[in-house]
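Protein chains: 2
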Amino acid sequence: MNLYALILAGGSGTRLWPLSREEMPKQFLAVCGGEYTLLQQTVRRMSKLTSIDRLRIIASGRWRPLITHQLSCLGIDADCVIEEPEARNTAPAIALGAASLINGGADDGDIVLVCPSDHIIADETKFGEAVKYASESAAAGNIVTFGIKPASPETGFGYIKTSGTGGGWLTVDSFAEKPDRDTAEGYIESGGYYWNGGIFCFSVGSIVRAYEDHFPVCARIFGSEPGDMEKWFLASPIESIDYAVMEKARNITCVPLDAGWSDVGSWDAVYENSPLDERRNAAVGNVSLHGGGNSLVVGGERLICGIGLESMIVVDTPDALFVAPRGASQKLRDVVGELARSHRDEVAEAPVSARPWGTYRVLSKGERHKIKRIAVSPGCRLSLQYHMHRSEHWVVVKGTAKVAIYDRGNDETAEERLVHEGESVFVPKGHLHRLDNPGRIPLEIIEVQIGEYVGEDDIVRVKDDYRRN
Amino acid sequence: MNLYALILAGGSGTRLWPLSREEMPKQFLAVCGGEYTLLQQTVRRMSKLTSIDRLRIIASGRWRPLITHQLSCLGIDADCVIEEPEARNTAPAIALGAASLINGGADDGDIVLVCPSDHIIADETKFGEAVKYASESAAAGNIVTFGIKPASPETGFGYIKTSGTGGGWLTVDSFAEKPDRDTAEGYIESGGYYWNGGIFCFSVGSIVRAYEDHFPVCARIFGSEPGDMEKWFLASPIESIDYAVMEKARNITCVPLDAGWSDVGSWDAVYENSPLDERRNAAVGNVSLHGGGNSLVVGGERLICGIGLESMIVVDTPDALFVAPRGASQKLRDVVGELARSHRDEVAEAPVSARPWGTYRVLSKGERHKIKRIAVSPGCRLSLQYHMHRSEHWVVVKGTAKVAIYDRGNDETAEERLVHEGESVFVPKGHLHRLDNPGRIPLEIIEVQIGEYVGEDDIVRVKDDYRRN
Chain A
69 MNLYALILAG GSGTRLWPLS REEMPKQFLA VCGGEYTLLQ QTVRRMSKLT SIDRLRIIAS
129 GRWRPLITHQ LSCLGIDADC VIEEPEARNT APAIALGAAS LINGGADDGD IVLVCPSDHI
189 IADETKFGEA VKYASESAAA GNIVTFGIKP ASPETGFGYI KTSGTGGGWL TVDSFAEKPD
249 RDTAEGYIES GGYYWNGGIF CFSVGSIVRA YEDHFPVCAR IFGSEPGDME KWFLASPIES
309 IDYAVMEKAR NITCVPLDAG WSDVGSWDAV YENSPLDERR NAAVGNVSLH GGGNSLVVGG
369 ERLICGIGLE SMIVVDTPDA LFVAPRGASQ KLRDVVGELA RSHRDEVAEA PVSARPWGTY
429 RVLSKGERHK IKRIAVSPGC RLSLQYHMHR SEHWVVVKGT AKVAIYDRGN DETAEERLVH
489 EGESVFVPKG HLHRLDNPGR IPLEIIEVQI GEYVGEDDIV RVKDDYRRN
Chain B
69 MNLYALILAG GSGTRLWPLS REEMPKQFLA VCGGEYTLLQ QTVRRMSKLT SIDRLRIIAS
129 GRWRPLITHQ LSCLGIDADC VIEEPEARNT APAIALGAAS LINGGADDGD IVLVCPSDHI
189 IADETKFGEA VKYASESAAA GNIVTFGIKP ASPETGFGYI KTSGTGGGWL TVDSFAEKPD
249 RDTAEGYIES GGYYWNGGIF CFSVGSIVRA YEDHFPVCAR IFGSEPGDME KWFLASPIES
309 IDYAVMEKAR NITCVPLDAG WSDVGSWDAV YENSPLDERR NAAVGNVSLH GGGNSLVVGG
369 ERLICGIGLE SMIVVDTPDA LFVAPRGASQ KLRDVVGELA RSHRDEVAEA PVSARPWGTY
429 RVLSKGERHK IKRIAVSPGC RLSLQYHMHR SEHWVVVKGT AKVAIYDRGN DETAEERLVH
489 EGESVFVPKG HLHRLDNPGR IPLEIIEVQI GEYVGEDDIV RVKDDYRRN
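Here the protein sequences come in this chain order: A and B. Residue numbers 69 to 537, in the working numbering, belong to the letters of the first sequence in order. Residue numbers 69 to 537, in the working numbering, belong to the letters of the second sequence in order.
Quick caveat, the hints were computed from the structure, so don't treat them as lab data. One or more hints might be untrue.
Pairs count within a copy or across copies, as identical chains cannot be separated in the list.
DSS-like, lysine-lysine: derived pairs with alpha carbons at most 30 Å apart [what the hints assert, rightly or not]:
1. Lys531 / Lys299
2. Lys246 / Lys194
3. Lys466 / Lys433
4. Lys497 / Lys466
5. Lys246 / Lys531
6. Lys466 / Lys316
7. Lys116 / Lys299
8. Lys466 / Lys438
9. Lys470 / Lys497
10. Lys217 / Lys316
11. Lys399 / Lys438
12. Lys316 / Lys194
Since we're looking at a predicted model, the values are computed, not measured.
The whole structure should be built from the sequences, with the hints applied where relevant.
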């Protein structure tokens, strides 16, 4: 009996704006003073329970570069990404994941642990124990949901009503949608209610049966040829696993989890889950606080000086700053929506953009110029490309670049050369070119773009092979 | 009878940090939503009372480039700067200014109006009237001090005790040092007390006599050869005009001034003197405020998003951010002092640095690289220089550069060439070089410095002639 882990990393969102962006969702961020991103924390948590080769991450293909990059930072080179063709909520995603495991050789008796990629679990020992009980219950044919011990009458979560004397796991009587305040308070008083944290455990055999019984359209994914899985995935209704399976199946059990769980769904939640200093401040980055307390200050290189800040939230990024009193951060969603409707770059674009070949950061933008700092991973290269409206100057700050520049409109005759630290090269407008890191360390270059138009969309990609072999 | 204006621009200070820096004192900043800097406002105010050729600005030589730059923005090319060899408070500075006027042809009967460069006066009509009365009183042989009608029992200013029935001017009974709170409240109740705003008016003849009677050491400046003025200036005690002359002379009068005066000595003062929106917020820059009110938000290009900010101060600059509740900004002086003691660049260096040839801004700093955006004024050039530890790449973003690069250690044989928009040039480490703007529009270049050390002090200047003729 093997334990597999399915990590759901499809989520997008800007509830932690300006740190999180459409281009950089929460799961890819390090918050609460942790050195690892929420995804990395989740992967590390799972890797203590099972081996990496039994771990899968389900996400849109657009996140593959980011995920690959963040896994490689953990020393994990295995490709564990299962691409969902589009976001159709958790039911089809989990089915796709389970089906992939089956095609990969998983047996009916093997156990699957499903969890989100953007939550915090402080106490890994307790989580491990809970997983042990959940595996036993799953092996006994149950579909297990983890019940988070409610810390407060939270109205932002669904609730699980349980009964039974407890022990390893409880019987689930029913699931309740997000309640209003009074209802939630009633739940807390009456006891036996838990938050639904979206963590599940089941055997391969029983989840397949559950889909066949309760979500048959989607169940066609199971046993289908790998080539057909996408078709059946796209044919499936958009639905959450809770509604599609959990609320309908009879064999649902609940394993209570009291391990410092948080969905880190707001800056207030980030504060509550951050290490605090003696003034109960949580400060990250180049921060200098004087007086006051109970505040969250998240910055980077820029000096942030606060005087007498009391219960404030300050989040500073290279292109956007957010300031609010604690407790107001729920309003952030609407405000960011407003900014998005007025097409503010700061909502969509991340200051640091991840690409299959590495990352880049815009240092300065002007009407006729743009300056980027580009980092190319060892053995990677940018697509073979040219630009209609701009020429590019590359100055190598670190490492060695292999640069090919072709005569205009002719991709046969390339002038190819190595450019070392401190050297530079000029790419004329309209000329095919390619940037390549043949070395063993990351290549860092400063790119100065000049032209009548310097938008990201002025790029014609001729070849997209990002890795030499 | 001519009216001369002496503007004291020697002041330094960081009370408006991070907008003001050691390199960029308050008088050179535009605050309170004004389009002109405080110095420019002062010059414009004075130019309505007298002609530009009768206006002088007394400041340290280090500010000459900035002053010249800010005057040229007003279309003023006259060189009105009188350099004080070092800061020795207002008494020697004013003596130096008056002596320069005398050497320039001012007569005993001519009137001199002295005022700081970093204050606000909202109502220029009322100020003009006050100056009219002051000139009359000065012509009658009095030394006139302007008394600011006190708006509150301020403990940060000195007070002037007056008597007499008023009218054009009052008799001055005495000057009082900065009082404690109770004393200040006493002054307000008893009436007849005014703030000492550091604005004075006198005839050339009477100020010379006053110095001879009460501050004789410094009086030697008057009538001395231009070459000796510096010697006598440096020989003078460090003293304020208030203590050296005003508190001792008998012929002091006071002209009340009720014209929306402020010394803009703190961010709170900036808020109080800024135009407010319907929520009583004062916002400058790319600011998006939601809820709350009564706040001051000063930013630039970066998006600043505030939710529910109530009576807060947020000041955002490219390299430093300041956040505090209103009322706490007096503590800023100590905090900045603390930062200065820990040698933070953000206290001394301004994000945009002014040089005799133009300005530069650091876009990005790294261990082995620094990126600057450099603007060279038409007809200006940088010093002939070389660097021990870095090479430089220049990319012309706008305009045309004339670049001379010499063989290492040999300043005879220069490779000189024109570099046009979109072109670039490489300056090898250790090679003498010079950057020159021969054109009619400002030259803008991106400079990428690379080397084992990229500090500002790695520069050997061989020639310092900043302007070609």
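Evaluated hints:
1. Lys531 / Lys299: within (27 Å within a copy, 74 Å between copies)
2. Lys246 / Lys194: within (26 Å within a copy, 64 Å between copies)
3. Lys466 / Lys433: Both ways: Lys466 and Lys433 sit 23 Å apart in one copy and 14 Å across, limit 30 Å.
4. Lys497 / Lys466: both (25 Å within a copy, 17 Å between copies)
5. Lys246 / Lys531: neither (48 Å within a copy, 74 Å between copies)
6. Lys466 / Lys316: Cα proximity of Lys466 and Lys316: none, with 58 Å in one copy and 67 Å across.
7. Lys116 / Lys299: neither (34 Å within a copy, 79 Å between copies)
8. Lys466 / Lys438: both (20 Å within a copy, 13 Å between copies)
9. Lys470 / Lys497: So Lys470 and Lys497 pass the 30 Å test inside a copy (19 Å) and across (23 Å) alike.
10. Lys217 / Lys316: So Lys217 and Lys316 pass the 30 Å test inside one copy only (23 Å; across, 79 Å).
11. Lys399 / Lys438: This pair counts as neither: shortest intra-copy Cα distance 33 Å, inter-copy 39 Å.
12. Lys316 / Lys194: Cα proximity of Lys316 and Lys194: one copy only (29 Å, versus 81 Å across).
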